[in-house]
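Enquirer: Guided by the hints, dock chain G onto chain F, whose structure is given.
Protein chains: 2
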Amino acid sequence: MKKSVTIVGAGLVGSLLSIYLSKRGYKVNVFERRPDMRLETMSAGRSINLALSDRGWRGLEGVGIADDIKKISIPMYGRFIHHKDGTNAYQPYGKDNQAIYSVSRADINMKLMDLAEQQENVNIQFNKKCTLINRKDLAITFEDNLTKETSNSSADLLFGADGAFASSRLSIQLQSDRFEYNQHYIDCGYKELIIPAGKNGEFLLDKNALHIWPRGSFMMIALPNPDGNFTCTLFLPFEGEKSFSNLKTDKQVEDFFKSEFSDAFTLMPTLISDFKTNATASLVTVKCAPWVFDNKIGLIGDAAHAIVPFYGQGMNCGFEDCVVLNELIEKHNDDWDIIFPEYEQLRKPDGDAIADLAIANFVEMRDKTADPKFILQKKIEAKFSQHYPDKWIPLYSMVTYSPHIRYSTALKEGQKQQKIMDEIMALNDIESIWESDEIESEILKRIS
Amino acid sequence: MKKSVTIVGAGLVGSLLSIYLSKRGYKVNVFERRPDMRLETMSAGRSINLALSDRGWRGLEGVGIADDIKKISIPMYGRFIHHKDGTNAYQPYGKDNQAIYSVSRADINMKLMDLAEQQENVNIQFNKKCTLINRKDLAITFEDNLTKETSNSSADLLFGADGAFASSRLSIQLQSDRFEYNQHYIDCGYKELIIPAGKNGEFLLDKNALHIWPRGSFMMIALPNPDGNFTCTLFLPFEGEKSFSNLKTDKQVEDFFKSEFSDAFTLMPTLISDFKTNATASLVTVKCAPWVFDNKIGLIGDAAHAIVPFYGQGMNCGFEDCVVLNELIEKHNDDWDIIFPEYEQLRKPDGDAIADLAIANFVEMRDKTADPKFILQKKIEAKFSQHYPDKWIPLYSMVTYSPHIRYSTALKEGQKQQKIMDEIMALNDIESIWESDEIESEILKRIS
Numbered sequence: 022m023k024k025s026v027t028i029v030g031a032g033l034v035g036s037l038l039s040i041y042l043s044k045r046g047y048k049v050n051v052f053e054r055r056p057d058m059r060l061e062t063m064s065a066g067r068s069i070n071l072a073l074s075d076r077g078w079r080g081l082e083g084v085g086i087a088d089d090i091k092k093i094s095i096p097m098y099g100r101f102i103h104h105k106d107g108t109n110a111y112q113p114y115g116k117d118n119q120a121i122y123s124v125s126r127a128d129i130n131m132k133l134m135d136l137a138e139q140q141e142n143v144n145i146q147f148n149k150k151c152t153l154i155n156r157k158d159l160a161i162t163f164e165d166n167l168t169k170e171t172s173n174s175s176a177d178l179l180f181g182a183d184g185a186f187a188s189s190r191l192s193i194q195l196q197s198d199r200f201e202y203n204q205h206y207i208d209c210g211y212k213e214l215i216i217p218a219g220k221n222g223e224f225l226l227d228k229n230a231l232h233i234w235p236r237g238s239f240m241m242i243a244l245p246n247p248d249g250n251f252t253c254t255l256f257l258p259f260e261g262e263k264s265f266s267n268l269k270t271d272k273q274v275e276d277f278f279k280s281e282f283s284d285a286f287t288l289m290p291t292l293i294s295d296f297k298t299n300a301t302a303s304l305v306t307v308k309c310a311p312w313v314f315d316n317k318i319g320l321i322g323d324a325a326h327a328i329v330p331f332y333g334q335g336m337n338c339g340f341e342d343c344v345v346l347n348e349l350i351e352k353h354n355d356d357w358d359i360i361f362p363e364y365e366q367l368r369k370p371d372g373d374a375i376a377d378l379a380i381a382n383f384v385e386m387r388d389k390t391a392d393p394k395f396i397l398q399k400k401i402e403a404k405f406s407q408h409y410p411d412k413w414i415p416l417y418s419m420v421t422y423s424p425h426i427r428y429s430t431a432l433k434e435g436q437k438q439q440k441i442m443d444e445i446m447a448l449n450d451i452e453s454i455w456e457s458d459e460i461e462s463e464i465l466k467r468i469s
Numbered sequence: 022m023k024k025s026v027t028i029v030g031a032g033l034v035g036s037l038l039s040i041y042l043s044k045r046g047y048k049v050n051v052f053e054r055r056p057d058m059r060l061e062t063m064s065a066g067r068s069i070n071l072a073l074s075d076r077g078w079r080g081l082e083g084v085g086i087a088d089d090i091k092k093i094s095i096p097m098y099g100r101f102i103h104h105k106d107g108t109n110a111y112q113p114y115g116k117d118n119q120a121i122y123s124v125s126r127a128d129i130n131m132k133l134m135d136l137a138e139q140q141e142n143v144n145i146q147f148n149k150k151c152t153l154i155n156r157k158d159l160a161i162t163f164e165d166n167l168t169k170e171t172s173n174s175s176a177d178l179l180f181g182a183d184g185a186f187a188s189s190r191l192s193i194q195l196q197s198d199r200f201e202y203n204q205h206y207i208d209c210g211y212k213e214l215i216i217p218a219g220k221n222g223e224f225l226l227d228k229n230a231l232h233i234w235p236r237g238s239f240m241m242i243a244l245p246n247p248d249g250n251f252t253c254t255l256f257l258p259f260e261g262e263k264s265f266s267n268l269k270t271d272k273q274v275e276d277f278f279k280s281e282f283s284d285a286f287t288l289m290p291t292l293i294s295d296f297k298t299n300a301t302a303s304l305v306t307v308k309c310a311p312w313v314f315d316n317k318i319g320l321i322g323d324a325a326h327a328i329v330p331f332y333g334q335g336m337n338c339g340f341e342d343c344v345v346l347n348e349l350i351e352k353h354n355d356d357w358d359i360i361f362p363e364y365e366q367l368r369k370p371d372g373d374a375i376a377d378l379a380i381a382n383f384v385e386m387r388d389k390t391a392d393p394k395f396i397l398q399k400k401i402e403a404k405f406s407q408h409y410p411d412k413w414i415p416l417y418s419m420v421t422y423s424p425h426i427r428y429s430t431a432l433k434e435g436q437k438q439q440k441i442m443d444e445i446m447a448l449n450d451i452e453s454i455w456e457s458d459e460i461e462s463e464i465l466k467r468i469s
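Read top to bottom, the protein sequences are chains F and G.
The first sequence begins at 22 in the working numbering and counts up by one.
The second sequence begins at 22 in the working numbering and counts up by one.
Next up, chain F with everything else stripped away, as it sits in the complex (with noise of 0.2 Å):
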């Protein structure tokens, strides 16, 4: 007999651990807080997109609905960058065909979710608010979001997948002594806009790029939706000169996007509506250990490590999790005394490593991809490691497109990455010899 397990939490993390678990064996219970989205209508503003990557692409491979997913997401090849000029720019993401794909959330959450119920063995239950955990027993209490009603629920094994606020955490929480936890918002807040399609369903933007304007202490970008609009976001601080404090009136709002972003403005028929109606929303980092409890409970997603979204990596790093534990399972014969130490000892480092990364990026989209050092070091970077594959990898590729290679060490090696470029950019003029042998070699010389 295999053993029960409840999840609390049927968003993307807690869809995919499901199938993953009931294709092993294991009786799952799923409960969500939410009502079931495949029946409601999408609020406004909260079209959200994500960047499908390779770690993301082996979580649904993994269950087998990778090629269904393909259908419905736009290949993003590259940086479109649209500087305030008026003039742009484009970077390629790697090489070759390589690229991130933009997905809507409830696309995918929804056919996780069906592809859950059709498994034997998994019950998804909606509007059922998780209000406790008892540790010791184990026993799980939920009040109905429409009755009120409670009921209690209890399995031989608990997984936390409820998000950045997990109320399955903070409950573990408030009965566990000695838990580390950080919650820590960066002083950016972002709002969700649109650019709608063309009068013939066109795309009004080069479809294949993940769209930014880079202006240095905030930006927006934009990715494309399959009925040929585009999602915008705009990051911009809570508070300062250039800040959603300072953008109250209609009139502010119209003469911030003309000047700041002017090609999109001219886009943006609903802006004013859009920037008023749409919530602006807070960026949250959440550090905690341990993330496994008794060899019963365990934390998983954003549950257990919840990161801003400037690499395009949390629902990626989620579904990993999910890949990782899917192993262990199978590595450890379902024995959760090992599975579970396995599992934290494992992911709790690439948790933080992609938290920190993804912070760094943000500095590194907002303001470095408008800045020519930076663009020319990307490029003898992408030089070097052409001619050096295996000396090489740059750093978003090792998180993008290299599953094989932990975040943590792909923090690591972009740190020794970025010393060498530090020297290398300070040569003397860098700008006209960045294609000399001379470069490699210094290049070379550093690595050994």
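For the record, the hints were derived by calculation from the structure and aren't laboratory data.
Just so we're clear, the structure is a prediction, and the values are computed from it rather than from any experiment.
Misleading hints may appear alongside valid ones.
One copy or two, it doesn't matter: identical chains are merged, so the pair holds either way.
[Said to hold, decoys possible] Derived pair list, reagent style DSS-like, types lysine-lysine, alpha-carbon separation capped at 30 Å: (1) Lys308 / Lys157; (2) Lys389 / Lys228; (3) Lys116 / Lys91; (4) Lys317 / Lys297.
Expert: Quick look at chain G alone, frame taken from chain F:
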């Protein structure tokens, strides 16, 4: 009409704050989760001793009970170091008669409660557990621990003074976006033990000192009580070779104490049973922001800044919070829209600073107090400070005896001093030339 105030927690800081506020004409309701400690006998292993120093005395003087407390406190003029080989050494804490004072937490708390209840405008209710604070309308819900009945209270202002794991803070946190929060545990736990008085009630160790058995990665300390006994506290890692996890059997405990604290061991007849009966507790640092909400709710004491006990500043810092707040009320004529932001702006950097200083002092106490090089450094600093009192106040004296110097200033000055002393201690043959004029001029040179 002055405003009404609710204080959650009748501990040291909540009680003192209620007195300050009532003296300013506020109507104060205090709700305490625990039973009235004046009606209960203290349980074993909870006889916690605190070290009152100048910041704390200021807080007590402000409400006129410093003299009462002085009568039940014992001055400690220095550290009495017990080495492993049975030898010992004495390190004065300051110059002249500077001392810190050993007092019982219960004694001060009860005195403060008595005084609070003597105020016309203070009411304390016990066994009232705060279960919810409605941030919007400042309605507080309490559950009575005895009757299990729920009641509500509302007020114009609210203070959370309910300690490191404040339920008031948690409740507000769950209703607040962008709340910064960090809780961190050191890898050591602690356990209280006792050295009883001699046959005729006499002190079996030097009465007027804080006793330390520094052992590198762990230590024991002992503070005197008026009835002749000493409260001992063992600080020891939870895991590792010398750790709580390796002190499971009576024999292990006995062997450990015999070998590590041989002189103390002979004075601890109830060691084995105390060790088994008394809990092993953990040590947390909590940093959070903001401390004030809507200019109606404030956090104070450990609820705002829980720190580890190694600088003996937890209570002193909390009392200083009250003093600062009282000064701000005076300065700003009860205008809380000004008082609250200024309170946070002033005190948050000091709370962060003493948290970091307290962690650093753990290393100093358990490790460096036994290190001849460290002891020499302190001698050089003391000598220089005596000759140039306006140029050099040792860090310990700034923190402990200098309430006019902010913790954050002390931290910064201390870092500068340490940098200078690192250079001085690296001078050739410092052991033999430390008293020379040359050393003084070397320090003088580095100060200017």
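Enquirer: Could you run down the list of hints and mark each one as holding or not?
Expert: Structure-based check of each hint:
Proximity of Lys308 to Lys157 under the C-alpha cut-off of 30 Å is found in both arrangements, the shortest distances being 24 Å within a copy and 29 Å between copies. Taking the shortest alpha-carbon separations for Lys389 and Lys228, only the intra-copy value of 23 Å comes in at or below 30 Å, while the best inter-copy value is 64 Å. Proximity of Lys116 and Lys91 under a CA criterion of 30 Å is satisfied intra-copy only: 20 Å inside one chain copy versus 75 Å between copies. When the C-alpha separation of Lys317 and Lys297 is checked against a cutoff of 30 Å, the pair qualifies only between copies, where the shortest distance is 28 Å, while the shortest distance within a copy is 45 Å.
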